[in-house]
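Engineer: Below, each chain spelled out in residue letters.
Number of protein chains: 2
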Amino acid sequence: NSMACPQQSDELIFFVNGRKVIERQADPEELLLYYLRKKHILFLNFRLSGTKYGCGIGGCGACTVMISTYDPVAKQIQHRPANSCLLPICSLHGAAVTTVEGVGSIKTRIHPIQERLAKCHGSQCGFCTPGMVMSIYALLRNHAEPSMEQIISALDGNLCRCTGYRPIIDSYRSFAREPTCCQLRGTGQCCLDQEECVCSSSTGDQVSYIRYFFPLSPVCLCNPEFPPMDPTQEFIFPPELMRMAQEQLRTLIFHGKRTTWISPTSLNELLELKAKYPKAPLVVGNTKLKKTHHDAYHPIILHPVRIPEMYVVSSTDDVIGAACCLAQLRDILMEAVPKLPEEKTKIYQALLQHLRTLAGEQIRSMASLGGHIVSRGSNWDLNPVLSVGKSVLNLASEDGKRQVLLNDQFLAGCEHADIKPKEVIVSVLIPYSMKDDFISAFRQAESQKNALSIVNSGMRVLFSPGTDIIADLSILYGGIGSTTLSARKSCEKLIGRQWNDQMLSEACKLVLEEIFLPSSAPGGRVEYRRTLLVSFLFRFYLEVLHGLHQMYPFRYAELSQEKMSALVMLPSGVPQGVQIYQVRCDVDSGQSPQDPVGRPIMHQSGIKHATGEAVYIDDIRPVDGELSLAVVTSIRAHAKIISIDASEALRVPGVVDVVTARDVPGENGKDEQAYAEEKVICVGQIICAVVAESVTQAKCGAEKVKIVYEDLEPILTIEDAIKHKSYITEERKIEKGDIEKGFESADEIIEGELHVGGQEHFYLETNSVLVIPRVEDKEMDVYVSTQHATDVQELVASALNLQSNKIMCHVKRVGGAFGGKITKPSLFAVIAAVAANKTGRPVRFVLERNMDMLITGGRHPFFGKYKVSERRSSTRANATFCTWAGIILNITLRKGTWGCWWMRSWT
Amino acid sequence: NSMACPQQSDELIFFVNGRKVIERQADPEELLLYYLRKKHILFLNFRLSGTKYGCGIGGCGACTVMISTYDPVAKQIQHRPANSCLLPICSLHGAAVTTVEGVGSIKTRIHPIQERLAKCHGSQCGFCTPGMVMSIYALLRNHAEPSMEQIISALDGNLCRCTGYRPIIDSYRSFAREPTCCQLRGTGQCCLDQEECVCSSSTGDQVSYIRYFFPLSPVCLCNPEFPPMDPTQEFIFPPELMRMAQEQLRTLIFHGKRTTWISPTSLNELLELKAKYPKAPLVVGNTKLKKTHHDAYHPIILHPVRIPEMYVVSSTDDVIGAACCLAQLRDILMEAVPKLPEEKTKIYQALLQHLRTLAGEQIRSMASLGGHIVSRGSNWDLNPVLSVGKSVLNLASEDGKRQVLLNDQFLAGCEHADIKPKEVIVSVLIPYSMKDDFISAFRQAESQKNALSIVNSGMRVLFSPGTDIIADLSILYGGIGSTTLSARKSCEKLIGRQWNDQMLSEACKLVLEEIFLPSSAPGGRVEYRRTLLVSFLFRFYLEVLHGLHQMYPFRYAELSQEKMSALVMLPSGVPQGVQIYQVRCDVDSGQSPQDPVGRPIMHQSGIKHATGEAVYIDDIRPVDGELSLAVVTSIRAHAKIISIDASEALRVPGVVDVVTARDVPGENGKDEQAYAEEKVICVGQIICAVVAESVTQAKCGAEKVKIVYEDLEPILTIEDAIKHKSYITEERKIEKGDIEKGFESADEIIEGELHVGGQEHFYLETNSVLVIPRVEDKEMDVYVSTQHATDVQELVASALNLQSNKIMCHVKRVGGAFGGKITKPSLFAVIAAVAANKTGRPVRFVLERNMDMLITGGRHPFFGKYKVSERRSSTRANATFCTWAGIILNITLRKGTWGCWWMRSWT
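Going line by line, the protein sequences match chains A and B.
The opening position of the first sequence corresponds to residue 1 in UniProt numbering, with each subsequent residue numbered one higher.
The opening position of the second sequence corresponds to residue 1 in UniProt numbering, with each subsequent residue numbered one higher.
In short, the hints are calculated from the structure, not lab data.
Since the model is a prediction, treat every value here as computed from it, not as a measurement.
Accuracy of the hints is not assured; some may be wrong.
The calculated SDA-like cross-link candidates involving lysine to any residue, where the alpha carbons are at most 20 Å apart (straight line), are [to be verified]:
(1) B:K401 <-> B:E269
(2) B:K420 <-> B:V615
(3) B:K38 <-> A:V623
(4) A:K778 <-> B:K401
(5) A:K435 <-> A:V337
(6) B:K778 <-> A:H638
(7) A:K778 <-> B:T108
(8) A:K778 <-> B:K812
(9) A:K257 <-> A:A296
(10) B:K288 <-> B:I300
(11) A:K725 <-> A:H638
(12) A:K401 <-> A:A296
(13) B:K38 <-> A:P622
(14) B:K39 <-> A:V775
(15) A:K838 <-> B:S105
(16) A:K806 <-> B:I106
(17) B:K39 <-> A:T839
(18) A:K493 <-> A:S482
(19) A:K806 <-> B:S105
Pairwise CB distance ranges (calculated) [claimed, not checked]:
(20) A:Q25 <-> B:K812: 37 to 47 Å
(21) A:Q25 <-> B:Y297: 30 to 40 Å
(22) B:K812 <-> A:L650: 28 to 38 Å
(23) B:Q8 <-> A:R402: 32 to 42 Å
(24) B:P227 <-> A:Q25: 23 to 33 Å
Where a beta carbon is used, it is the ideal one built from N, C-alpha and C, also for glycine.
With the sequences and hints as input, model every part of the structure.
Structural biologist: Here it is in structure tokens:
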């Protein structure tokens, strides 16, 4: 018998939107997002493509789902938001998954969360919308009447590039327990009763009232006419899963193509497995980011979520299980702080400060404390704080238990301070702070929330009782080196010193010496980071001074007003923007009620955005015989291509063909080459494409293509390019008036240079193309996310040497574009169309986020020179002699709302 | 281990268009047509949908492919056309299949057969075209320069409903060895050199010269400028298969879902298997028609094609292997006849007469002699002739060999004369005829070729040597009863009689008494069939008289001129039509050469028709999640529907849903109900639909739906309907003039009735719909073969309660329609769209031929009354007083070319 029966896996059982899924061939490498989007879920008869791929690394929240689990000990159901792009399906045994389709759909019923978001203009391109819905849904399942802070915090992990967030938060304001309506209905003061209305909520903040028409009658945003949220209408937790959780547990094993997933049921079993497979990682939330497909490879994965010891939360002492997630840690600490004497909770408060800003709620809900500690990322925020707080790790192995200090040496990975391969972190002891302790946490990132720190820090000083004499001092910095760094020597030198200005300047000097950052340090921004080192120290100095005064008000002086100002926290929280639709004023009173022009009408696809039913390119059902495409891009900035060796790629199972510039029957691009021909002119330029039966196979093939380059001198800056006369287009010059005469007779000449940096467009939907060759006449249907359909049609037709009318370009909607989908999508369409033409099969080409950012390059940097002459004149009309200068303004809002740019005139 | 590994099958190895196919899960129930159309053939990357489904029973030739095999004994390659709709893939081990895609394609090269057919206007709807190409291709592979008779005979099994065949035969005339061009090129007389040209071929027949423009320059039809057929460009027979054929043979076993196919290598092994599985049929060409899916079911099938004894062709005696196909038999007999004394070949000649007209070349190439004999169909043509010729069957079983007579008792299935369950027919002995033998074969069918006989007959008389005294007489008739019937008693009574008029009238009386055909006999047309009984007898009488005269010209008188006329064969062969395109005359001389109007330009899709690349509805690639639909139709002419029980159908694996009138959200049809509601008004009315993952599952589900009827009085004729006042539309009356006055003053009144029967449209492409719901807004794409796209759009929209713009109706082309696809396709589209709407999945609904004919009902019969008054008048202007009467003329050409109808005016 030649048919090998595969190694037996356990059945993976979970629920999706109330339906049971039994997966008999669960692959540990399969992640929930792709599973939902591509698999026919049993009985559901459709792919759950409402959950979107935005970044694939848990950064944007477009893939948010809700994971519900039952804790048989606490007899509690937990609902947590999660980034499905990171979640291995194997981690879902016994869990109930809710996707946006399960929250509500046009076919079933539209959920209030979806309805309000749509009707309050909370969606524009709509691509982030399902994730927004899911984040709020998970919040409301846990907190029926959340605070505005909770609402905003729930959206921490969700990026939107169109709206600026204000309309989204406005939509959900109506679920908040604080009264947010003007509450003046009928008094003649409500937004509904007035022609114009700017009013204040009872909290004193100015809030927004949105008046919109649906269906063409005015409704107040916070109007009770919105159908209320009715918790009885939601899916209950499946009783079957409750029974499963209470039953005798048994070890679960899932064999994938190359990875085996083992979920033991007891600590002893885990320790045995860890002894047997010392290299096997313990995976809880799988939020640690892997750089490549191969980086992520582990033959064995241990999944310790069913081990009670790793979930211990001691209410009597300060031990927390290593498998607890960061959101749990936050909730535990938040509950503990008010109950304990303040002096004991200083480290808790410092941790909480970071736990509120670290990543998004989805990551916080999945990432484990133990994982955070053991992975020891240089800019992981909690480690410096835990370390200065002298936290202790409770380790276990087959050989017994022991404790190690979570100190700077552990964080640096020093062998003597590290955990051994057979050991696991069972729990973490976070000691209470003492009376004379001062602990602070600092971080600086590109945005307040959901951004990795540029530099972070944990600092602690312990004074000799009742004095300001330093008895102990710890200062740790993250984001400087490859691990968290300690200013251990500096601190030692400062012991015994008084907490005063002399100590501070000494400290700054010492720290800058010890924490050395060479000017070529990876990550750049060296000056900035150096500044942060001392800025954090200065602030700690002030915080402690302020603390000393508060503790001993008569012994230590109050801070000056000026210094106090440095301690003020930056405002965060509820956006203060206001948008008022003046319905009756904006439109002509004679306008027919049926005429929508000028009225704030819901986005035509608003409801579909919110229910996930809006179809984007990659949501189009697979087509018979479809191939996936992955590209090979240049790793050189400027080089000749000497050879392309695809032989190994072609041997990868499932790889059908490798496509290069030679396969383009017609024009290979227009301003840029679609496939690089003789040479490459930038990193990320597409050289060839691998088409295969699956995305994984195509990517695997692409990695195996060998390209030999002969380097040429790279041109890296605009200045370089000017020097080499390497221009994309003609130099642009805007002149006005008689230049020569103007400057000759000028009273004053203003001149200068203007540099504007490049910027990612970061449309939430990455570039996506689906090309379907028709059988007849070489016709092709091109489904593409573009702002310029005609360009796609023309470039594809000219690449294939066909008349334009043979190419049907379909654009239903784009998931964000912002100018970034004007020219590039045409090239991607050519890439896919040439492959489809060569193979005769449909080709899907959906870029991964990193590839999209690498290849497209974003908005390019600008460099401009201006020179304006001014002649003072007695007559007002001739007061200024003007030239125009092109100035590009990029306005970046919170978390990167899409920048606007325009040409501004100077007169 | 819960995964059962399936029973091990052998690898089925065959070639398709030069590529090797290894099928590891060959299912004996899978037929080649469906396999080619639906499977991705390894490496080919596309479905071979050029091979079309027209009837599914080997009757229309649209599915023709060429099967090439190698005979290791004769060291010969045989190319035979075959109906792929009947061919089990398991029968293909070691064979090379050529489909129309293998003959030529736009992507590779267009074959001369394809080019000439397209350019000579041989395609109209194009659906039969690939089959035409394949039939001629198979002919040309065997005969590079065929005769016109061979060309026409090669097309016997191919139906075309558009062209009338003439242009097709004209296209292929250029391949014939007879000179067919006007041969006057350059003399100033050629059709190309003249303004007008009607000329004769050297054979004396008027032939057609077609002048056409491609690309806009005139070419003579038989022009040498056509690229010649170059045999070196064709696929060679795969050497690998040649090696396979010469290797040691071993038994092949293929296990299907419910059937096992066994192909033994020796007679002994076959006999063992037949002893073990006495009910297992021996299948060679699988041309025996099965009525239903279940009729066709056999758990074991034996395939005896590799047993040398069954292929014996004795050149010394008259034994022919039972597995030889009818085309082989024909070729053997044609070769034998000129070599043997004429008196010995009388039975051969009678057999040849039938072998030329029986079915089409595809069936003749696959059907085996043994299968023809043993299946004993009442209107199988050869059996009566073989029987009167006293043929003998050589049988074998485990118990040994024996012979039985192929006589009337064998044909009637009498137990004592029959073969036993364990026996197989190894070969057939057809004895030479004798000097005083006269053997004739008769058949009457709806067309000369490719039609089952209505009545057939074999007759033989043996005279006492040198006399006209009947020594032995046999008369057998097919098509009368359920088996072939013998006039045995009548014949016995006539022995000893002289061959004269008295004998004839006695014989007629006796035969009509013995071969009794009750007026309610199944099949109807009783009077006609009775007439045929004696007509055949009369003709036999004359043929024998004529033969006696020829043998003994001085003893027996010559037939009168009148009687001789009855012996003339109906003309057959080359069509005599002429079509002349008067290029320069038809279009205005001032017409721009770029202006195509009025010029005989090739069909825009002509080449695509001929290469099979033109896409019809069922050629559209499968869509993700697509369901197949089968309908349950009424078996009552008029009845109330009491209940529909779908419970058993829903339990069939793969069945997704059962759809009834209750699932129609809007209007259920327009003039007719799409799904029957309360009652049915005809047999074949659609009551409900079963949707399933596969066609087989849907059909199986449909068979399991139980419907309880309460019969109502049926209305079966137009007269009945008038009596019951059951009208579809208002009665139509066409009146002209002052009716009352006209009839009062009439000199003459002509009145009468006019009955016109119904007729099948028989478009080659059966009704086909593919409905694809879009995900958004309940939009649907409806791909449908219709003449009335707007009607489809409107009916589907109104059935689903949607605006019309939600329904996109796509019609690229139809594979024949002839008025039959004006109203019915809309109903089929509603059937499918309602199912798609209910399930949310794409639905494909392609009718099988029998269902299409059952449901659509064809052109309905007409009944008209006319009354015309005529008043004789002295003035010419008033010579006739007219009324109009509707007269419908149906003109049916050979093999049912589509009828034209029009209203003709009488004046």
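Engineer: Does each hint hold? Answer for all of them.
Structural biologist: Cross-check of the supplied hints:
| no. | hint | verdict |
| --- | --- | --- |
| 1 | B:K401 <-> B:E269 | holds (15 Å) |
| 2 | B:K420 <-> B:V615 | violated (50 Å) |
| 3 | B:K38 <-> A:V623 | holds (14 Å) |
| 4 | A:K778 <-> B:K401 | violated (62 Å) |
| 5 | A:K435 <-> A:V337 | holds (15 Å) |
| 6 | B:K778 <-> A:H638 | violated (51 Å) |
| 7 | A:K778 <-> B:T108 | holds (13 Å) |
| 8 | A:K778 <-> B:K812 | holds (15 Å) |
| 9 | A:K257 <-> A:A296 | holds (14 Å) |
| 10 | B:K288 <-> B:I300 | holds (16 Å) |
| 11 | A:K725 <-> A:H638 | holds (15 Å) |
| 12 | A:K401 <-> A:A296 | violated (29 Å) |
| 13 | B:K38 <-> A:P622 | holds (17 Å) |
| 14 | B:K39 <-> A:V775 | holds (16 Å) |
| 15 | A:K838 <-> B:S105 | holds (16 Å) |
| 16 | A:K806 <-> B:I106 | holds (16 Å) |
| 17 | B:K39 <-> A:T839 | holds (17 Å) |
| 18 | A:K493 <-> A:S482 | violated (25 Å) |
| 19 | A:K806 <-> B:S105 | holds (19 Å) |
| 20 | A:Q25 <-> B:K812: 37 to 47 Å | holds (40 Å) |
| 21 | A:Q25 <-> B:Y297: 30 to 40 Å | holds (33 Å) |
| 22 | B:K812 <-> A:L650: 28 to 38 Å | holds (36 Å) |
| 23 | B:Q8 <-> A:R402: 32 to 42 Å | violated (57 Å) |
| 24 | B:P227 <-> A:Q25: 23 to 33 Å | violated (54 Å) |
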